[in-house]
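Undergrad: The whole structure should be built from the sequences, with the hints applied where relevant.
Each chain, letter by letter, is given below.
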Amino acid sequence: MTERSRKQIVLAAYLGGVNEDILWEHPEAGSQIDFSTFRHVAQTAERGRFDYFFLAEGLALRERDGQVFDHDVVGRPDTIPVLAALAAVTSHIGLVGTLNATFNEPYELARQLASLDHLSGGRAGWNVVTSFDAFTGANFRRGGFLDPADRYVRAEEAVAAVQALWDSWGEHAIAADPVSGRFLADARAGEFEFSGRQFDIGGRFTVPRSPQGRPVIVQAGVSPQGRDFAAATADAIFSPFHRAPEAHEFYRDIKARAAGFGRDPSHVKVLPGTSFVLGDSKADAEEKARHILQQQLTPRTVQVLFEQAWNRDLSAFDVDGPVPSLPPLVEGPPFIQGRAFVFGDRATVVRGWQSLAEEKGLSLRQLAATVFGRIDYTGTPQQVADELDAFVQGDGADGVVVGSHLVPGGLDEFVDLVVPLLQEKGSLRTEYEGSTLRENLGLPTP
Amino acid sequence: MPMSSPTFHLAIALDGAGWHPAAWREPGSRREELFSPGYWVDLVQEAERGLIDFVTIEDTLGLQSADPFVPDTRTDEVRGRLDALLIASRVAPVTERIGLVPTVTVTHTEPFHVSKAVATLDHVSEGRGGWQVKVSGRSDEAQHFGRRELVGFEAGLADPAVQTQVVELCDEAAEAVEVARRLWDSWEPDAEIRDAATDRFIDAEKVHRIEFEGRFFSVRGPAITPRPPQGQPVVAALAHAEVPYRLAARSADVVFVTPHGLDDARGILAQVAAAVDAERRDPGRERLLVFADLLVFVDTAAESGAARLQRLDGLGRALSSDAAVVTGSAASLAEQLAELASLGFDGVRLRPGVLADDLPAIVDGIVPELQRRGLFRTRYEAATLRGQLGLSEEVADRYAKAVLR
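Those sequence lines, one after another, are chains R and E.
In terms of numbering that gives the first Met the number 0, the first sequence is residues 0 to 445.
In terms of numbering that gives the first Met the number 0, the second sequence is residues 0 to 404.
Rather than coming from a laboratory, the hints here were simulated on the basis of the structure.
Label-pair distances were calculated between CB atoms; the ranges are:
hint: 1; chain 1: E; residue 1: ALA154; chain 2: R; residue 2: ALA174; range: 31 to 37 Å
hint: 2; chain 1: R; residue 1: THR444; chain 2: E; residue 2: ARG372; range: 52 to 58 Å
hint: 3; chain 1: R; residue 1: GLY65; chain 2: E; residue 2: GLY260; range: 56 to 62 Å
hint: 4; chain 1: R; residue 1: ASP33; chain 2: E; residue 2: GLY37; range: 22 to 28 Å
hint: 5; chain 1: R; residue 1: ASP149; chain 2: E; residue 2: ASP66; range: 38 to 44 Å
hint: 6; chain 1: R; residue 1: GLY142; chain 2: E; residue 2: GLU285; range: 32 to 38 Å
To spell it out: a stretch of chain R is covered by chain E in this simulated footprint if at least three of its residues, at any positions, have a beta carbon under 8 Å from a beta carbon of chain E; those stretches are:
hint: 7; stretch: 29-38
hint: 8; stretch: 54-66
hint: 9; stretch: 77-83
hint: 10; stretch: 95-104
hint: 11; stretch: 114-121
hint: 12; stretch: 199-206
hint: 13; stretch: 289-299
Here a beta-carbon is modelled for each residue, glycine too, at the ideal position from N, C-alpha and C.
TA: In structure tokens form, the structure reads like this:
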């Protein structure tokens, strides 16, 4: 037999919040804080046999020129307690939360994640992020202490220390034998020691070995250093590359790096974030997508998105007028705080956008639609299912992290209309195979 | 004239298999399930069946030990526990009325995280969240974080260095609570406006930096989590002496104290009242509710509480407790609670010796006895924990601008 077996598409559901893509003005938009919203999305994703439900985190409200953002959704609950509550109203779906390795210590990270793993019967995962800005640090007793160059050292050591804590209780450390009177089979259960550049800790860990042994590790790494870190330690990678050819290149690169670290490449799942719009026809879906984009890119949203690139006040410019010819303030204090600028060097990026706008005669709003607007899949449910399946089978990714502009109901139609077609193709499970997130992702249990 | 509803409160303290070190060896103890969600859900649902005001869930940043001040290497007692705030969050969606008050340590943790965690517990429980503040003075727990040295308690509680450290830790805890409370207030109740006409999701004037600058840390704010349903979730603290009484008076809504006998109980009430007079100067502050902690062994059909305690003591380490240990029939224990109520205690927190046996005995024995005496409610009356405890349900936001009339 020469034909490779069909890949099972990994699906994660992302409940979006504070970014400009969420249409909070929509008549069907629900609360961004009530538990019922989180329950709806997690249960919908579980109905669609998704692998996991995912929450992001940001530890300071975004600010523009010293004022809290008011044009996007603002505010969110604490990630891990919401996931613990969701464990009560779901039974199979994985629960992956973002926790910052800069403003949390390994002992508390390990405790929270291992506790979540117990409380969910083995469904916990950790999306590892670090930050180093003084702005976020101002909310913490330890301040913005991390040298940017130490980001990956901190992240690598935090993951290693957390894993050492998880490993500190053996599988058979608890006897609970009333006859002999021995509760602990191992008198040294929980003993740990970790010494590195960021952490020098030791003692005994409070949480016995959790169902997965080690909860699933998720990362997002794009730089060579980040890719190596992810390929060496992550079980899943949240990738920004959702289109050919970058997606295929990234996929090949991550799998090669994983193999280089002696890992089975299939044990590192590459999962780009994605969005979709369904319609009765391709044209209908595209028309809907245009309408959604128009609603997302309100004048204030357009202004603030570009203010982050220009690093200066652009309120004097009409969003339907030409793109400002001003250069960005490269050296100035950050005009937008609390949101990473991911497009690269400001001067180069702005120059590029200015020439693109000039070449195509784009207004600010049209430029925003070109560079920020992004709906990856538009079409009938069949077209979206075909395209997504081809993307995964063609090694663009192992699956996708599905978000929606509409909270909480946006995922419903994907689950109702696209999921059955993926299942028909044999690319998506119709029932969960395992009870833990590791089992459902096909990962080995450590 | 209609009778006013009873205001005496009952709380249950949950920990492992119960408060006796050999509780896990009892036949009904579910010792294999102490780290499973089903165990905790069943306990809290059982307490809710008894109309209990709230449960507390113990937690520490180190493994349990026979000596609360230094670690040990025993193998014959329960060791290991889950994060209490996450247990409470896990239980919230499958309970309806009971308050959920996990222990959260503030010594090595970030008040910003603690604040949003408790706020989120309050959101997922729709207004039933609280928090028992705890400090960590053990040197081995400090080593788990590796960020500061503590002298530890090895020298004994009377050692001047230890005493100084206790005062410092309590002052730091008071700052942590103050930061958490300010962060809860940093979002005014009507901050979210969703005004499409002006393209504003919030009214930015109603989301505030707290700009807290204290002796131990500074925190800028605002919180990332919008105002919790109760405004101010309930803050509780366990206290045994003047320094922690003063911490409770400064920071808490509920204090758990450990009287041994009625004379001691009177004395403690007076000491707490003095601490309140010294520390609670804000005229707008509500009363500090005082709960007496009692470790209980209730008579069951099979065995008296006293016999059960004696039998368990014989299995290994005898029970030692900061709280008074009381045994007897449900009726006689209810009589003791009635005496505490008549002294002026707002409630009791019962620590079941063996959860498997004493929790049902409380629910099916002590609760009906108290109800018969007209001392305890026959149904839940308020939707939130604050309301259940008789605390104001409309908490003013300290950052809200006074409205000119």
